[in-house]
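Visitor: Sequence:
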Amino acid sequence: MSKRIQFSATGGPEVLQYVDFTPVDPAAGEVQVENKAIGINYIDTYVRSGLYPPANFPSGLGTEAAGVVIKVGAGVSAVKPGDRVVYAQSALGAYSEVHNVPLEKVAILPDNLTFEQGAASFLKGLTVHYLLRQTYEVKPGEVFLFHAAAGGVGLIACQWAKALGAKLIGSVSSDEKAEQALRAGAWATINYRQENIAQRVAELTNGEKVNVVYDSVGQSTWQDSLNSLKRRGLMVSFGNASGPVTGVDLALLNQKGSLYVTRPSLNGYITNRQELQFASNELFSLIGSGAIKVDVKATQKFALADAQRAHQVLESGQTSGSSLLIPGL
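First residue of the sequence shown? That's 1 in the UniProt record's numbering, and the numbers climb one at a time after it.
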């Protein structure tokens with residue numbers, strides 16, 4: 001018997017339940033992992049709240065963790081019991097002591113990374129990889145805007161941008177978060193509670209604006225993002241923390257300079273184990289070299305049983321960087 005988080009209806013954090021369950025053996029092509037650290041991602045709140053509802057109830061939650069392989073299914077030879085691994089994009093259910101994961105979602109965790117580093121960085125790091133390296137390839141010296149720069153994805157983006165020699169302007173909600181983003185490698189920050197984002201972007205770029213904006217905030221930053229772009233610039237909308245963007249006026253893109261908009265997701269960039277290894281190798285190399293540091297605050301590590309509280313804190317905007325669930329904490 002093991003423990004997991006499940007929910008039987010969409011809603012607020014209170015719908016999350018800590019329950020007993022009996023893990024089934026991994027199917028062919030699957031790996032069974034004993035989770036040591038579980039990543040908490042904002043998309044988990046979208047699933048729980050019903051923005052991205054699960055297909056069936058009761059449902060597990062979470063898609064990312066790091067741990068130790070305890071069983072493998074038929075046809076699996078790339079990993080074996082005892083291997084340290086990390087995974088993302090699994091079926092819902094990573095908020096659990098034990099989880100079965102398709103092999104193509106699993107990467108070997110290098111010995112120089114801890115389970116906490118793996119779970120805190122994998123999904124977020126893979127996200128930054130596709131954003132900065134594939135959706136739009138940021139170049140050395142290039143200035144760009146990245147919203148929520150002190151969040152879990154944002155702090156990795158700040159460090160990755162610095163490693164690339166690019167200049168990230170990060171929007172943040174407080175002076176404290178501005179300091180965190182700057183320490184991580186942001187070139188400049190904008191406190192959107194005190195400053196006009198588009199106006200500050202224009203000032204920081206001597207009126208030129210930027211070629212690309214990365215926006216995970218959604219509704220509340222949509223207009224500012226478009227107003228920060230150069231002619232034929234690219235708006236990368238990859239999240240909805242303030243609510244989804246609806247009723248897009250395509251004519252507005254023309255009026256603001258023939259702008260482009262894309263709504264990418266990790267599932268569109270990593271579809272097999274080869275693509276996973278390509279992205280994870282670059283991520284692990286940067287973490288291993290110290291170019292990207294992954295530190296989780298003690299106040300953002302929660303027992304698995306405290307998933308409700310973890311979601312409350314995440315949605316309150318009080319967090320910076322990554323948060324984790326730790327089985328056995």
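Simulated from the structure, these hints should not be mistaken for laboratory data.
Treat the numbers as computed from the prediction; the structure is a model and nothing was measured.
Misleading hints may appear alongside valid ones.
Claimed, not checked - List of simulated lysine to aspartate or glutamate pairs, DMTMM-like, C-alpha gap at most 25 Å:
(1) 139 - 116
(2) 3 - 116
(3) 256 - 295
(4) 297 - 175
(5) 230 - 195
(6) 209 - 249
(7) 209 - 295
(8) 230 - 208
(9) 301 - 25
(10) 162 - 208
(11) 256 - 195
(12) 162 - 104
(13) 297 - 275
(14) 230 - 137
(15) 3 - 83
(16) 293 - 176
(17) 209 - 195
(18) 80 - 97
(19) 301 - 275
(20) 293 - 249
(21) 293 - 195
(22) 256 - 282
(23) 139 - 111
(24) 167 - 295
(25) 301 - 142
(26) 162 - 295
(27) 139 - 104
(28) 256 - 176
(29) 162 - 176
Claimed, not checked - So the derived label-pair ranges between C-beta atoms look like this:
(30) 176 - 242: 29 to 37 Å
(31) 21 - 256: 47 to 55 Å
(32) 14 - 271: 46 to 54 Å
(33) 53 - 257: 32 to 40 Å
Even glycine gets a Cβ: it sits at the ideal position worked out from N, Cα and C.
Visitor: Give a verdict on every hint.
Guide: Going down the list of hints, with the structure as the test:
As the CA atoms of residue 139 and residue 116 are separated by approximately 30 Å, the hinted pair breaks the 25 Å bound. Taking the CA atoms of residue 3 and residue 116, the gap is about 19 Å. The hint holds against a cut of 25 Å. Taking the CA atoms of residue 256 and residue 295, the gap is about 40 Å. The hint is violated against a cut of 25 Å. Using a Cα cut-off of 25 Å, the hinted pair residue 297 and residue 175 holds, with the two alpha carbons roughly 18 Å apart.
For the given pair, residue 230 sits about 20 Å from residue 195 by alpha-carbon distance, which is consistent with the 25 Å threshold. The straight-line distance between the Cα atoms of residue 209 and residue 249 is roughly 21 Å, inside the 25 Å bound, and the hint therefore holds. Using a Cα cut-off of 25 Å, the hinted pair residue 209 and residue 295 is violated, with the two alpha carbons roughly 32 Å apart. For the hint pairing residue 230 with residue 208, the CA-to-CA distance comes to about 7 Å; that is within 25 Å, so the pair holds.
Distance restraint check for residue 301 and residue 25: the Cα-Cα separation of roughly 29 Å exceeds the 25 Å cut-off, and the hinted pair is therefore not satisfied. With a C-alpha separation of about 21 Å, the suggested pair residue 162 and residue 208 falls inside the 25 Å cut-off, and the hint holds. Restraint check for residue 256 and residue 195: satisfied, since their Cα atoms lie roughly 21 Å apart, inside the 25 Å limit. Restraint check for residue 162 and residue 104: not satisfied, since their Cα atoms lie roughly 30 Å apart, outside the 25 Å limit.
For the suggested pair residue 297 and residue 275, the alpha carbons sit about 31 Å apart, so the restraint of at most 25 Å is broken. As the CA atoms of residue 230 and residue 137 are separated by approximately 16 Å, the hinted pair is consistent with the 25 Å bound. Taken as a hint, the residue 3 and residue 83 pair is honoured in the structure, with Cα atoms around 22 Å apart against an allowance of 25 Å. For the suggested pair residue 293 and residue 176, the alpha carbons sit about 18 Å apart, so the restraint of at most 25 Å is met.
At most 25 Å may separate the alpha-carbon atoms for a hinted pair to count; residue 209 and residue 195 meet this at roughly 16 Å. The suggested pairing of residue 80 with residue 97 holds, with an alpha-carbon distance near 19 Å, which does not exceed 25 Å. Between residue 301 and residue 275 the CA atoms are separated by roughly 30 Å; this puts the pair beyond 25 Å, and the hint is violated. About 40 Å separates the Cα atoms of residue 293 and residue 249, which puts this hinted pair outside 25 Å; it is violated.
About 29 Å separates the Cα atoms of residue 293 and residue 195, which puts this hinted pair outside 25 Å; it is violated. Of the supplied pair hints, the one linking residue 256 and residue 282 is violated, its CA atoms being roughly 36 Å apart against a limit of 25 Å. A threshold of 25 Å between alpha carbons decides the hint, and for residue 139 with residue 111 the separation of about 31 Å lies outside it, so the pair is violated. At most 25 Å may separate the alpha-carbon atoms for a hinted pair to count; residue 167 and residue 295 meet this at roughly 22 Å.
In summary, the hint linking residue 301 to residue 142 is not supported, as the alpha carbons are separated by about 35 Å, beyond the 25 Å threshold. Under the criterion of a C-alpha separation no larger than 25 Å, the hint pairing residue 162 with residue 295 is consistent with the structure, at around 17 Å. The suggested pairing of residue 139 with residue 104 is violated, with an alpha-carbon distance near 30 Å, which exceeds 25 Å. Of the pairs offered as hints, the one joining residue 256 and residue 176 is violated, with about 33 Å between alpha carbons and a cut-off of 25 Å exceeded.
Our distance criterion of 25 Å between C-alpha atoms is met by residue 162 and residue 176, whose separation comes to about 20 Å. Checked against the hint of 29 to 37 Å, the C-beta distance between residue 176 and residue 242 comes to roughly 20 Å, which is inconsistent with it. Evaluation of the 47 to 55 Å hint for residue 21 and residue 256 yields a pass: the beta carbon distance comes to about 51 Å. The hinted window of 46 to 54 Å between residue 14 and residue 271 is violated, with their beta carbons roughly 35 Å apart.
As the Cβ distance of residue 53 to residue 257 is approximately 37 Å, the hint placing it in 32 to 40 Å holds.
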